[in-house]
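J.: Sequence:
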Amino acid sequence: MGKHTIYKSEEGKATIHRFYENYLREFKTDFDRVYVDTAFGKTHVLVSGPTEGKPLFIFQGGNCINPMTLSWFKPLFKNYRIYAPDTIGHPGFSEENRISASDESFARWTTELMNHFHIEKTAFLGPSYGAGIILRVAAFMPERIACSILMAPAGIHLGSKVEMIRKILVPLLIFKMNGSPNHLNRIADTMSDYSMKEMDRDIIASIFKDAKLESEMPKLTEKSELVNYHSPTMVITGTKDVFFPEERIQKTAKEIIPNLTNYKTYDMGHFPSEKYLTKINKDIEDFLHLHY
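This note's numbering puts the sequence shown at residues 4 to 295.
Wrong hints could be hidden among the right ones.
[Said to hold, decoys possible] Capping the alpha-carbon separation at 25 Å, the derived lysine-lysine pairs in DSS-like fashion look like this:
#, residue 1, residue 2
1, K164, K222
2, K278, K267
3, K124, K285
4, K77, K282
5, K164, K179
6, K212, K226
7, K179, K212
8, K267, K16
9, K278, K77
10, K222, K267
11, K81, K285
12, K285, K77
13, K170, K124
14, K124, K57
15, K222, K124
16, K200, K257
[Said to hold, decoys possible] Okay, the calculated beta carbon distance ranges per label pair:
#, residue 1, residue 2, range
17, Y266, S74, 23 to 29 Å
18, H121, N185, 47 to 53 Å
19, S74, E166, 24 to 30 Å
20, N185, L216, 17 to 23 Å
21, R36, H121, 40 to 46 Å
22, H233, P184, 45 to 51 Å
23, T281, E123, 29 to 35 Å
24, K81, M167, 46 to 52 Å
25, P78, R36, 36 to 42 Å
26, E123, T264, 29 to 35 Å
In case anyone wonders, no lab produced these hints; they're calculated from the structure.
Glycine is no exception: its CB is placed at the ideal position from the N, C-alpha and C atoms.
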């Protein structure tokens with residue numbers, strides 16, 4: 004493998020790509036698959052939804068594949084033109100070199116994607132790492148955001164490092180050493196509050212084994228970075244999210260986001276269950292209908 008690859012072997016890369024293709028078939032909808040040349044490398048973008056629909060950019064979660072977290076928002080495909088890029092440096096079909104989530108890099112990358120599709124301003128939706136990317140856009144290119152939805156957001160406040168080490172890192176190290184299904188299940192159950200789909204569990208197992216994980220979280224956003232960001236914003240959190248728990252997110256979000264119009268929290272983990280996704284998509288549709 005090349006020195007810039009995020010995969011540990013060609014076989015592992017092929018396995019993750021098979022998961023990606025299989026997941027796309029689960030959508031039962033057509034996608035245009037567009038490769039966009041950017042200053043940071045070639046970016047693979049999934050495009051779907053009615054061509055006359057308002058644009059909606061959806062960024063994937065970190066250390067997973069784009070269709071996995073994109074599948075959470077299937078109801079939005081009916082009315083919006085969806086643009087879902089594979090994040091540079093994460094598993095998928097985009098360039099494998101990583102870029103910083105601490106400076107303006109992701110904002111510049113996003114702007115280049117928007118320019119390619121001739122989109123001046125758009126709504127954004129991002130779970131986890133994807134929300135952290137949106138916050139980088141809000142900090143450096145706020146004029147490009149019509150409104151945004153940040154779900155289980157990185158870039159605002161971290162959960163307890165002790166809890167993350169105990170519940171995620173230690174089982175992950177053991178799983179990497181011996182492939183223990185019990186330790187994989189412990190991670191999956193912690194991340195999803197015992198609701199993760201079997202297919203998603205298999206995918207994260209493959210990514211844990213076959214890819215070099217992104218260990219750097221997006222920069223924690225400072226209030227001063229968002230002084231020029233005034234677009235309506237909704238934050239969605241989970242009380243059992245080990246990475247970004249509601250109890251830590253809410254206070255900081257209200258302090259740093261100038262136009263936090265909606266704040267929703269559910270009794271869920273970092274991965275939402277199907278039950279909560281029904282409610283979350285209704286929340287998002289209501290928010291977009293009002294603010295977009």
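J.: A separate judgement is required for each hint: does it hold in the structure or not?
T.: Tested hints:
1. K164 / K222: Roughly 16 Å between the alpha carbons, so the hint for K164 and K222 holds.
2. K278 / K267: holds, 15 Å
3. K124 / K285: Roughly 23 Å between the alpha carbons, so the hint for K124 and K285 holds.
4. K77 / K282: holds, 13 Å
5. K164 / K179: holds, 20 Å
6. K212 / K226: Violated, because 38 Å separates the two Cα atoms, which is more than 25 Å.
7. K179 / K212: holds, 6 Å
8. K267 / K16: violated, 37 Å
9. K278 / K77: Distance of about 14 Å is within 25 Å: holds.
10. K222 / K267: holds, 23 Å
11. K81 / K285: holds, 13 Å
12. K285 / K77: Holds, at about 11 Å.
13. K170 / K124: violated, 40 Å
14. K124 / K57: holds, 10 Å
15. K222 / K124: holds, 24 Å
16. K200 / K257: Violated, because 33 Å separates the two Cα atoms, which is more than 25 Å.
17. Y266 / S74: 23 to 29 Å: holds, 24 Å
18. H121 / N185: 47 to 53 Å: holds, 50 Å
19. S74 / E166: 24 to 30 Å: Because 27 Å falls inside the window, the suggested range holds.
20. N185 / L216: 17 to 23 Å: Holds: the Cβ-Cβ distance is about 20 Å, inside 17 to 23 Å.
21. R36 / H121: 40 to 46 Å: violated, 18 Å
22. H233 / P184: 45 to 51 Å: At 48 Å between Cβs, range holds.
23. T281 / E123: 29 to 35 Å: For E123 against T281, whose Cβ atoms are near 33 Å apart, the range 29 to 35 Å holds.
24. K81 / M167: 46 to 52 Å: violated, 37 Å
25. P78 / R36: 36 to 42 Å: Given about 22 Å between the Cβ atoms, the range is violated.
26. E123 / T264: 29 to 35 Å: violated, 22 Å
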